[in-house]
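There are 2 protein chains.
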Amino acid sequence: MNITELAKNAYNASLSMSELKSSRKNLALKKIVHIIKEKKDDILMANRKDLEIAENENLSKPLLKRLKFDEEKIQAVCSGIDMLIQLDDPVGKILKATELDQDLELYKISCPIGVIGIIFESRPDALVQISTLCLKSGNAVLLKGGKEALHTNKVLAGLITDAGKMAGLPDHWLTLLETREDVKDLLSLHQYVNLIIPRGSNEFVRYIMENTKIPVLGHADGICHVYIDNKTDIDIALKIVIDSKCQYVAVCNALETLLVHAEVAGELLPRLKSLLDEKGVEIRGCEKTRDIINVKPAVEADWGTEYLDTILSIKIVDSLEKAIDHINTYGSGHTDAIVTTSSRNAQKFMQRVDSADVFINCSTRFSDGYRYGLGAEVGISTNKIHARGPVGMEGLIIYKWILLGDGHIVADYAEGRKHFTHKPLDREYLSE
Amino acid sequence: MNITELAKNAYNASLSMSELKSSRKNLALKKIVHIIKEKKDDILMANRKDLEIAENENLSKPLLKRLKFDEEKIQAVCSGIDMLIQLDDPVGKILKATELDQDLELYKISCPIGVIGIIFESRPDALVQISTLCLKSGNAVLLKGGKEALHTNKVLAGLITDAGKMAGLPDHWLTLLETREDVKDLLSLHQYVNLIIPRGSNEFVRYIMENTKIPVLGHADGICHVYIDNKTDIDIALKIVIDSKCQYVAVCNALETLLVHAEVAGELLPRLKSLLDEKGVEIRGCEKTRDIINVKPAVEADWGTEYLDTILSIKIVDSLEKAIDHINTYGSGHTDAIVTTSSRNAQKFMQRVDSADVFINCSTRFSDGYRYGLGAEVGISTNKIHARGPVGMEGLIIYKWILLGDGHIVADYAEGRKHFTHKPLDREYLSE
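Chains as they are written, first to last, in the working numbering: chain R, 1 to 432; chain B, 1001 to 1432.
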């Protein structure tokens, strides 16, 4: 079958997925957990095959680490699914109900988006995690994983499909695409695919975003800032900078550029440098920074770079406004924090920093679906429509408008024989 | 100034717009009403100029009608603004509040999207309507109107800008673009423009959608269906079909294709034909339809055509499923209705028809922001993310996450010294 047919099948499956009762979706999730545990050895064997090939091809250490799908990861994805089963069904909720007139009732009801295209690199756990999120939210899914994880992905997709069949899910709700050409084709299928979620490196995500007309949920860069205000507690500032930069350097919510108000730079920077030296973090500073501490110079490109590494760029600014300008100019709209004792400055920062996540006196590393208590994370979005920041299952949900009438026609209202009442209705579910 | 600079100015203005208090925004709206009434003659004179040029250039009658901006339309836009003043401010609402831990509080707060690009044809009232909606929702706006309305648009944009200045709105919150080249440039400015709203013909909207990476809110086609079920009250069915088709033919929510269950076609079609003949509606039917009534044949292209005219295509189907398939294949995801006495069939139609607006036993013509009681209509969207169907001001709104801490760092949680509480908070507004 060619990919257009696969996508068409997925679209048809999505219509049936949208009708599923919560109990059936949860049953399918339980069966997925069961089959993954039961067929653990098949998964581990397939993954060893992928790892062997990858080692022979001299893939990098971090890539091998992401590719590895061991007992621990199996345990982790299974507890993830157990948590997902506990979550409320996001489909079929009445978001708004209005009586337009007697026996003419309008309902805004949550429903799945339809067909979600997931394109991810290396990590096979992403396959399990995102396909189960799509299942719970009633979406069909087209998956394309990295070729280095092909054997593992094939086994996992096969098991999830089998479990779905046992639970009575519609055929074709999940489809694994296998070739690199499939990605290009997938990106052009806006007729059938309603949302693309890419998971992988910045270059990879940027490539996806630049090569499709389908809406993309995600983020390319995470150029996060901490700004140390002139009104600040230096000890707290140091603690937040160290955590934001060092707690885990290779992630999108780690600190990349530190902005320091000129008035506190003299006191803060020497102490910060010795802490960062201990942690092996390289500092690149603006000229004014280099007047205070002996560090490498930062060049223009540093302000727009996501290092994802033990490197920190530092710039001294004269005012809160300059800090906000810098963030809105060079940032990626991901996560930015201020450390201040002034509620007025906190307020201004909060209002004018144009990012998905704006933090006051805490580490940028909190920007995460699990830490936010969302229950499950679809991804982190730097879009400015639909869903922003850490996105839970609500990112896979939209709504439709249902109007229930009894032979009502517009002419009666246009010609003044009838009048709209527009009364809010107190309904949780649609009555039959 | 080139358009990139104009857009950058709009972006900077959007940051200030997002901070405005409701009282200032409402004051600006009042001043706009006042100045439009006060300078009525300037507007009417500019509009006469546009109309004269248009007449000399032999523009079509419907276009001239849309271009006309007379006392009645001035009255209408002013009452629209009066209603907008009464609406709740959509900005700064706490959509969710969670205690992550003691003194670590997460808020999901509604905020403007940023810079909205509005591209519209002919109708100058659209300029007033959409720019005031952007104002109330705290967005900056770049406007590009049709060249045939240039004089009217210039006067209107000038008056709105003056009123905004008097009320203390930031400079550059509204910018009128004037040349056709500006549209192309606008479509490429995804760095500064966050959402495009096109208003005009299908071809126009499709052109916009196909030529930008910026999200577009709107719809190209409105190919709306009514399906007459086998379990149906024929009188009600006839009433709904006539209203859906004839109440106003030139609009996106008018009926274009009627689907009739074979069991009721024999009784329904002859009666329908005589009603439609009276109204001067041309029927194009499938073969089975033509076995019952003497009408022109429908060709494949008819099922995918939005006539916006006194033409109706009719197809006889064997089942509800076939009707749903037809709608999901040829429809545009706008508005589709079923006429049935079976709640089971209504339910199935409601679930499986993949459209923004799905109606049971009422006219497709109800699909409209005013009739839905939304207070104001930004447009009608056939997108499947962000906003769907008639979109009120919520379509111009997104949210940001604010995390208020007191020196909190992630290491404490990662290393087990502290634990998340994830308690919902009962807060309506952020306390300082």
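A portion of the hints provided could be inaccurate.
[What the hints assert, rightly or not] Reference listing, derived: stretches of chain R covered by chain B, where coverage requires no fewer than 3 residues with Cβ under 8 Å from a Cβ of chain B:
hint : segment
1    : 92-105
2    : 272-280
3    : 398-412
By construction, these hints were calculated from the structure, which means they are not laboratory data.
Quick caveat: nothing in here was measured; it's all calculated off a predicted structure.
Cβ atoms here follow ideal geometry from the backbone N, Cα and C, with glycine treated the same way.
A quick look at each hint next to the structure:
1. Against chain B, the segment 92-105 of chain R contributes 3 residues with a C-beta closer than 8 Å to a partner C-beta. That satisfies the three-residue criterion, and the hint holds.
2. Remark: the segment 272-280 of chain R is not confirmed as covered by chain B, as 0 of its residues place a Cβ nearer than 8 Å to a Cβ of that chain, below the required three.
3. Counting residues of the segment 398-412 of chain R whose CB lies closer than 8 Å to any CB of chain B gives 14, which reaches the minimum of 3, so the coverage claim holds.
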